[in-house]
Amino acid sequence: MNNPLIWPVAVPLLSALLALLWPRRSTWIGLLGSALSLAAVVLVSRQVIESGAIELALGGWSPGLGIALRADGLSVLMLLMSTLVSMAVAVYASVYFSRSERRSEFWVLWLLLITALHALFLSGDLFNLYVTLELLGLSAVVLACLGGSRESLQAALNYLVLGLLASMAFLIGVALIYAGYGTLDMAALAAAIESGPTAWVALSLMTGGLLIKSALFPLHFWLPPAHSNAPAPVSAVLSALVVKAAVYLILRLWLALFDEVVTQTAALVLGLLGGVAVLWGSWVALQAERLKLMAAYSTVAQVGYLFLFLPLLAALPEGTTRDVALGALVLLALTHGFAKSAFFLAAGVIMQRAGHDRIAELGGTARALPVTAFTLALAGVALIGLPPSGSFLAKWQLLSSVFITGQWIWLPVIAVGTLLAGAYTFRLLGYAFAPGEGVGPSLSVGREEIPAVLLALAATLLLGFWASVVWELVPISAYAGGGG
Amino acid sequence: MNLTLLPDLLLAGMLIGLAWAVLNSDDLRRGVVLFIAFGLLLAIVWARLLAPDLALAEAAIGAGLSGALLLVALRDGSGGDQRSAKRSTLNRWLIDLFVLVMTCLIGWVLWLTIYAEPVERLAQLANAMLERSGVSNPVTAVLLNYRAYDTLLELVVVLAAVLGVLVVGRERRGYREPGPVFHGLVHWLVPLLIVTAGYLLWVGAHAPGGAFQAGATLAAAGIVLRLAGYDAAGLPDGRLLRWLLVAGTGVFLLLGLGMTVSGGGFLQYPEAWSGSLILVIEVAATASIAAALVLAYRGGRSDGWLLVDEKDKNREISS
Chain L
0 MNNPLIWPVA VPLLSALLAL LWPRRSTWIG LLGSALSLAA VVLVSRQVIE
50 SGAIELALGG WSPGLGIALR ADGLSVLMLL MSTLVSMAVA VYASVYFSRS
100 ERRSEFWVLW LLLITALHAL FLSGDLFNLY VTLELLGLSA VVLACLGGSR
150 ESLQAALNYL VLGLLASMAF LIGVALIYAG YGTLDMAALA AAIESGPTAW
200 VALSLMTGGL LIKSALFPLH FWLPPAHSNA PAPVSAVLSA LVVKAAVYLI
250 LRLWLALFDE VVTQTAALVL GLLGGVAVLW GSWVALQAER LKLMAAYSTV
300 AQVGYLFLFL PLLAALPEGT TRDVALGALV LLALTHGFAK SAFFLAAGVI
350 MQRAGHDRIA ELGGTARALP VTAFTLALAG VALIGLPPSG SFLAKWQLLS
400 SVFITGQWIW LPVIAVGTLL AGAYTFRLLG YAFAPGEGVG PSLSVGREEI
450 PAVLLALAAT LLLGFWASVV WELVPISAYA GGGG
Chain U
0 MNLTLLPDLL LAGMLIGLAW AVLNSDDLRR GVVLFIAFGL LLAIVWARLL
50 APDLALAEAA IGAGLSGALL LVALRDGSGG DQRSAKRSTL NRWLIDLFVL
100 VMTCLIGWVL WLTIYAEPVE RLAQLANAML ERSGVSNPVT AVLLNYRAYD
150 TLLELVVVLA AVLGVLVVGR ERRGYREPGP VFHGLVHWLV PLLIVTAGYL
200 LWVGAHAPGG AFQAGATLAA AGIVLRLAGY DAAGLPDGRL LRWLLVAGTG
250 VFLLLGLGMT VSGGGFLQYP EAWSGSLILV IEVAATASIA AALVLAYRGG
300 RSDGWLLVDE KDKNREISS
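Residue numbers (numbering that gives the first Met the number 0), protein chains in the order written: chain L, 0 to 483; chain U, 0 to 318.
In isolation and in its complexed conformation, chain U is listed as follows:
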């Protein structure tokens, strides 16, 4: 057996083992921690598969932010019985069996399509058109140019999810004042995260990076701030926050429509401008994504900022 294959087999085996452990964990907290470990391991696997964009996204969003959200949700439901996920043994066996059968089936078909009778896919075409896309990172070209419409709708999905948090959620209590050591760390960490986010955003045009990764990094800065006792987590209030949430989708949509009205197709960038336009869209998207993620971590609204304004509220009370 080829020895260089050994680390990869080890990674794959650990990944499957961790996934199984997450699914079968009785204690929810343990499950969440294992899930975060699973995400980190998956990021390494993506890196091994030469997909650094995915590795970055998985580490930042899959492991980091989802993990933080899950942990904070656990803190909310701190009632004793909600901690453990009890299921009957039969149920668990049935679920395991179902998952196993599906995995084998899907794995078999994937093996057929990828190794047994591979077909021509779109990667070559995407690379060939790269010159005309305005960026040199093929992943960014797909996300912001070839399939920009998908990304626009995905930003809308993020917006809908935040609205859901605001409708259902209630803002959590903030944390206590941090000790001096953590306070010092925050002073170093937050600016560093902000600079990193800016770098990821800028570098996305020609190397792994981009709006989603940058947004997640910026959101991490917000979460650190909140952990340090700043309840607003760096977000503005009221009208400004609304503009921040709308910015990504709004800039994207208006630019697209502008191109339609000026005679091109929807989201058909003029070739000379495409690089700059993509950067503008990514900046706005980064701001919106970061705001949405931090808001989700905060858990909702404190002041009813989205509600009808004060005057209306008074009218409702008097009527």
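For reference, chain L alone in the conformation it holds in the complex:
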């Protein structure tokens, strides 16, 4: 009873089943389930902060024969982000879906998605990770279908097929690892895996699958249609959380399990792809005509930033400097999670009020929906990386890692990417704060505007001022490889 690791998985799963059994109460079950999941995550986080990484051997079998759940600094940070973001989005969704006939389906799938995310962040077993990836992908695809339009179905179908392909590649990698090392337990594997053909092929397959899921350029093409055509609360979690889950797994694999296999060249390749993603994603976002499409391409760019860290991490020696760089990576991912979900929720508010999200016709937003306009501005601050947001600190550390390692090639990428992010944000704000009647005359502050502004405040203020927590937590590792 004193080991709380199962609760972040069990609570949302139980709520999902209850919501399926009592569709009429689904909204309340959904909100209560999200709140209790938050409580469960807080319970786990407190224990990790107090006593370091924790492990739970399920069924009482030793890890290897059985499955172990593990929580360390990195997983706790990801859990906290996903539960806080999903709590805020759930409050928004309770308004967004209040009159929809798809209400009960939404809540069941929503809770299953949270179950999958939590199970993924806590899993300490490679095959179990595959199962969580399948659950995550499937529930995300069905949620993306809820919009019901032809485009959203088409986008969701592409998302499904690519997701299955990615999972299959991951699964083959897992099978090779089991054949080669005789175990699936990640702690045992972190100590056992050494450079060789088995490890190379397995790592390439697993990384390839995860790159599709994390939408790194040039495998990003499925993301903008899928994310921009989904209902607003769904877009928010797809961009903020689901993509991050794949990035989290790449970090675990590269830094803890395969740390002796990864070469500088391989890391450089991913870094270069990340660099192209930053430039290309920001450039297309600047040209986007629709608000949600702009947000989706901005996600492509922001994922690129995360991959810029890989060659730097590979070049830094294990120790404090590397942990600082890793902390910056996590901070950037967290800030983007909060900022992008706030952005999509604000876009949803505008879309419901105005009936469209064409950027050029957003005049009058600031007068009609002041809170939402403020949200867009705050989220923009975090996306560009201006102080006091968390991404400002993260980019600062990114630059200092560039100086330490002497990999000057990333400097222009970061500079141009930041300028482009500024350009697309200010282009949007220019329209939103201009006079006009595009959004209608209402002046009331709706309940649906509050969650978005709270998320944006978390990205700019909370993560900016409390960033030290991230750097304190990241070095707590459950795996021998250190860091990740």
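If you're looking for bench data, these hints aren't it; they were derived computationally from the structure. Model, not experiment: these values are computed from the prediction. Even glycine gets a Cβ: it sits at the ideal position worked out from N, Cα and C. Be a bit skeptical, because a hint or two may be false.
[Claimed, not checked] Computed Cβ-Cβ distance ranges for the label pairs, DEER-style:
1) A36(U) to V160(L): 22 to 28 angstroms
2) I408(L) to C103(U): 22 to 28 angstroms
3) D230(U) to Q153(L): 28 to 34 angstroms
With the hints as your guide, set chain U onto chain L.
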């Protein structure tokens, strides 16, 4: 050359040939039929490899139910141009080349790990612990005891997939009344399938079988019923159907949590009870799996059973 090797080589060769034919079939219907044949052949291969559990699962789910689902999907998209899967020759060559390279690469690594430098894996440990697992079939021990958490999440995956069918799908038209011969066959076949499912479920504790195979067999009974003109395919409606879908995951999760609350670990069965608890979980899982598969075959909902109840619907219309 050793003569006993000949049938195996023949099987392996046919398997590869069929796989290639499925991938390169222009006509989708032909591709689906070949895919079913591929599944059956694969089941035989598993049986030859002394993995009867996998052989059963592959025959029931891989060939049987997936085949039925694919065929019924073909019937839905009966527009002429959807039948053929046209791809440009260059594309096809590139895909074939990619598949060939990957196959060689993966085959080479597997050969290295299995024959060149084999390592100690978990089978021995799994067998050694069998006494304490409550069952004597090692596959069931892995699925329902050692790695029960995986199986729990897999049941959730099935649930999510069914919800997807319900969100996107629309129930298909039923079939016409069957002729007297088929009607007679149904009267024999459905009870037989139900009894077989019960047997597979029970025998899973000490011989090949278990919830997934039993669920698939039970679902086959539902599909036969639907083919015979019973549109509901043996499934109840509304609230009862929801309970049926939730049963597998729900019983599994609640038992696991019960063990946690009573002082053990999550899904840590008390040793004296583990056999019975596993059977309870498998019964519930069989019901849920069968319901999910039949629902997928039906293609969705007819009445919006998952929607908000009638009263709410009226409110929505009036507002």
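Checked hints:
The hint said 22 to 28 angstroms for the Cβ distance between A36(U) and V160(L), and at roughly 24 angstroms that hint holds. Here the CB-CB span from I408(L) to C103(U) is close to 35 angstroms, at odds with the stated 22 to 28 angstroms. Separated by about 30 angstroms at the C-beta atoms, D230(U) and Q153(L) satisfy the suggested range of 28 to 34 angstroms.
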